[in-house]
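Taken in order, these protein sequences are the chains called Y and S.
For the record, in the first sequence the residue sitting at position 240 is 240 according to the working numbering, with numbers rising by one throughout.
For the record, in the second sequence the residue sitting at position 324 is 324 according to the working numbering, with numbers rising by one throughout.
It should be emphasised that the hints constitute simulated quantities derived from the structure, not laboratory data.
All residues carry an ideal CB built from backbone N, CA and C; glycine is no exception.
Hints should not be assumed to be uniformly reliable.
[Said to hold, decoys possible] Distance ranges between label pairs, derived from CB positions: (1) K66(Y) - A54(S): 53 to 59 Å; (2) Q141(Y) - W40(S): 27 to 33 Å; (3) L209(S) - Y325(Y): 51 to 57 Å; (4) S143(Y) - M53(S): 19 to 25 Å; (5) A54(S) - L56(Y): 54 to 60 Å.
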Amino acid sequence: MLTFTFRRLLTAIPTLLFISLVIFLLLDLAPGDPMAQMPLTVPDEVKARMREALGLGEPIHIRYWKWLVQFFWVEPLHLLDAMFGTGFAEGSQRILSWQTRSPVVDIVMQRMPQTLWVVGTAYVVAILIAIPVGIYSAYRQYSVFDQAGTFITMVGFSVPPFFSGVLVIIIFAAQLGWFPSIYDTRHVVDSWHDFGLQVRQMFLPVMVLALQITSQLSRFMRASMLDNLNQDYVRTARAKGLREKTVVLVHVLRNSMIPVVTVIALGVPSIFGGAIITEQVFKVNGIGQLLITAIQGNDLPMVQTLTFIFAVLIVLFNLIADVLYGMLDPRIRYD
Amino acid sequence: MTDAHAPETPVGVDRGTVAASAPVAGAEPLLLTQARSQWWDVWDQFRSHKGAMAGAVLFLLILAVVVFGPYIWPLDPTETAIRSRNQSLSWAHPLGTDQLGRDVFARMIQGGRVSLAVGLTAMGLSLVLGTLIGVLAGYFRRLDGPLMRLTDLFLALPLLPLLLVMVLLFREPLTAAFGIETGIFILIVSAIGITSWMQTARIVRGDVLALKEHEFVLAARSIGTPARRIVTRHVLPNVLSPIMVSATLGIATAIITESALSFLGLGFPPDFPTWGRLLNDGVPYLELYPGRAFWPGLAISLVVLSINYVGDGLRDALDPRIRGR
Numbered sequence: 001m002l003t004f005t006f007r008r009l010l011t012a013i014p015t016l017l018f019i020s021l022v023i024f025l026l027l028d029l030a031p032g033d034p035m036a037q038m039p040l041t042v043p044d045e046v047k048a049r050m051r052e053a054l055g056l057g058e059p060i061h062i063r064y065w066k067w068l069v070q071f072f073w074v075e076p077l078h079l080l081d082a083m084f085g086t087g088f089a090e091g092s093q094r095i096l097s098w099q100t101r102s103p104v105v106d107i108v109m110q111r112m113p114q115t116l117w118v119v120g121t122a123y124v125v126a127i128l129i130a131i132p133v134g135i136y137s138a139y140r141q142y143s144v145f146d147q148a149g150t151f152i153t154m155v156g157f158s159v160p161p162f163f164s165g166v167l168v169i170i171i172f173a174a175q176l177g178w179f180p181s182i183y184d185t186r187h188v189v190d191s192w193h194d195f196g197l198q199v200r201q202m203f204l205p206v207m208v209l210a211l212q213i214t215s216q217l218s219r220f221m222r223a224s225m226l227d228n229l230n231q232d233y234v235r236t237a238r239a240k241g242l243r244e245k246t247v248v249l250v251h252v253l254r255n256s257m258i259p260v261v262t263v264i265a266l267g268v269p270s271i272f273g274g275a276i277i278t279e280q281v282f283k284v285n286g287i288g289q290l291l292i293t294a295i296q297g298n299d300l301p302m303v304q305t306l307t308f309i310f311a312v313l314i315v316l317f318n319l320i321a322d323v324l325y326g327m328l329d330p331r332i333r334y335d
Numbered sequence: 001m002t003d004a005h006a007p008e009t010p011v012g013v014d015r016g017t018v019a020a021s022a023p024v025a026g027a028e029p030l031l032l033t034q035a036r037s038q039w040w041d042v043w044d045q046f047r048s049h050k051g052a053m054a055g056a057v058l059f060l061l062i063l064a065v066v067v068f069g070p071y072i073w074p075l076d077p078t079e080t081a082i083r084s085r086n087q088s089l090s091w092a093h094p095l096g097t098d099q100l101g102r103d104v105f106a107r108m109i110q111g112g113r114v115s116l117a118v119g120l121t122a123m124g125l126s127l128v129l130g131t132l133i134g135v136l137a138g139y140f141r142r143l144d145g146p147l148m149r150l151t152d153l154f155l156a157l158p159l160l161p162l163l164l165v166m167v168l169l170f171r172e173p174l175t176a177a178f179g180i181e182t183g184i185f186i187l188i189v190s191a192i193g194i195t196s197w198m199q200t201a202r203i204v205r206g207d208v209l210a211l212k213e214h215e216f217v218l219a220a221r222s223i224g225t226p227a228r229r230i231v232t233r234h235v236l237p238n239v240l241s242p243i244m245v246s247a248t249l250g251i252a253t254a255i256i257t258e259s260a261l262s263f264l265g266l267g268f269p270p271d272f273p274t275w276g277r278l279l280n281d282g283v284p285y286l287e288l289y290p291g292r293a294f295w296p297g298l299a300i301s302l303v304v305l306s307i308n309y310v311g312d313g314l315r316d317a318l319d320p321r322i323r324g325r
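One chain only, chain Y, in its complex shape:
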């Protein structure tokens, strides 16, 4: 298992390097010019020097190398410095955003809590709903509950977040006025009343995201339970007189959780990046919104870094899912 993990980690490195190259080259083709907004009175040689100051004058392979060094060496060192108060990275050039001229990673760190709170809560809520629903609808296959559940998951699957989000805003924010339609990031929770307000402003985005994630997860859970319910070991467990509750919730559930856990692990990167549209609908200023504004503002270092962070997360959680699968299911041996 350990050798397998190491081997996967080693193969992840060229994959990530290649992805970073693809992202870098794709963005390098971008038509945007950070100098486009400069007044025409600025002479050309000054513009050229400004361009150089942004790191644009160099040939492409040198810029790529510099970006890699900044991403993999300088920024982690800065993180270390910030955590332990050391001075490893002093004086080294960080990745700067063209929009704000401040380090990209700092901005990402500012935006991270909002995304983690909203999307993370939605993920937890979705898991908590999806697993019992999946178990019960598989146990009572073709019952009214199962049929209704299948229909609702189909709807949740099909209604895109930019519609369900708008719909809940029409109903619950505009017509009924129960919840605010805009997420206020500056809201500070220091009393129970403020906490209630925080819950209320998180409610709509969390519900919209949770509906989507629940639909996918509960269908997986149901299919996985159905696969296991007809196995021989279930009959054996029933035959030796175990209670039905033990059979379903201990024997069957544990085995059916194996694929579901990996699906949950594979979905984690979307916590960080996938909620682009929901954040846009509810005006949550998280990572997704940061990416959209960076794309619209032609802020290439920001877009590069964000997309690459997403890619790293996807590769990492793919690896975690593989390792988890091997650990949970003794029938699967990688080496």
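Based on the hints, put chain S in the right spot on chain Y.
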């Protein structure tokens, strides 16, 4: 669909067999086993799936409205009439008019044409790419490694951000080359197609790998059939069913992706309505005229829902283990 399934001619559901085996007094039982295409069985199974049938009917209905709508509903979707703006539902304007007095129903039809066209074309492109890569990787062992690494690589790319970036990058050159509407159509279709072929490729590769070991492929090879013809005559027809299922689901994802791009303001230009664009345009007027965002959203959701049900039914119908039960 002949080679692999030839021995297992449909049993049980065949009406001819049932009629023939019924004892007829005085006469010898005639064995009238009519040759019956496998597709009739698939259709029978598909028909018994209520959700799939409802989905198919709904989808065809929406398709018909969108395709024939402009001939029946002759109002111009781009004609502004500033005096009759923001009207509510009426006989003259079944879904009202927007802030420039354009008929929302006509715009919905026009938007649907674009959205469905994008969905179908992008699905076609991703299907061709996925099938090509899947068959190549499955059939030719030397290509398997590199092509599957490529697939894994694409699966590891953060797709929505890259789509946004691609649209941003190639918008100008393509609109310059093909004109604004065709250019953006090509751009969006190819962007969606290029980023969504991976699932099809994986499924097709798996099926081709299993199929390659069958005797009929060996037989074909032993009489000297070139690889190209083995693939087109023997392999492709037998991987048709997974391809069809991913095709239906591909339309749904393509429509959602296009709408998402339009919703984020990176799709078609504003005077060129698509459902996602209309939804996006309706959002600022949400409190006063909620219908304007509601109708396009409903249309997207209904199309995707019906297609998902059709895909579900198709998967059951094409699975020989379930069929006939």
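Hints and how they fare:
| no. | hint | verdict |
| --- | --- | --- |
| 1 | K66(Y) - A54(S): 53 to 59 Å | holds, 58 Å |
| 2 | Q141(Y) - W40(S): 27 to 33 Å | holds, 28 Å |
| 3 | L209(S) - Y325(Y): 51 to 57 Å | violated, 21 Å |
| 4 | S143(Y) - M53(S): 19 to 25 Å | holds, 22 Å |
| 5 | A54(S) - L56(Y): 54 to 60 Å | holds, 57 Å |
When each numbered hint is compared with the structure, a violation occurs for hint 3 only.
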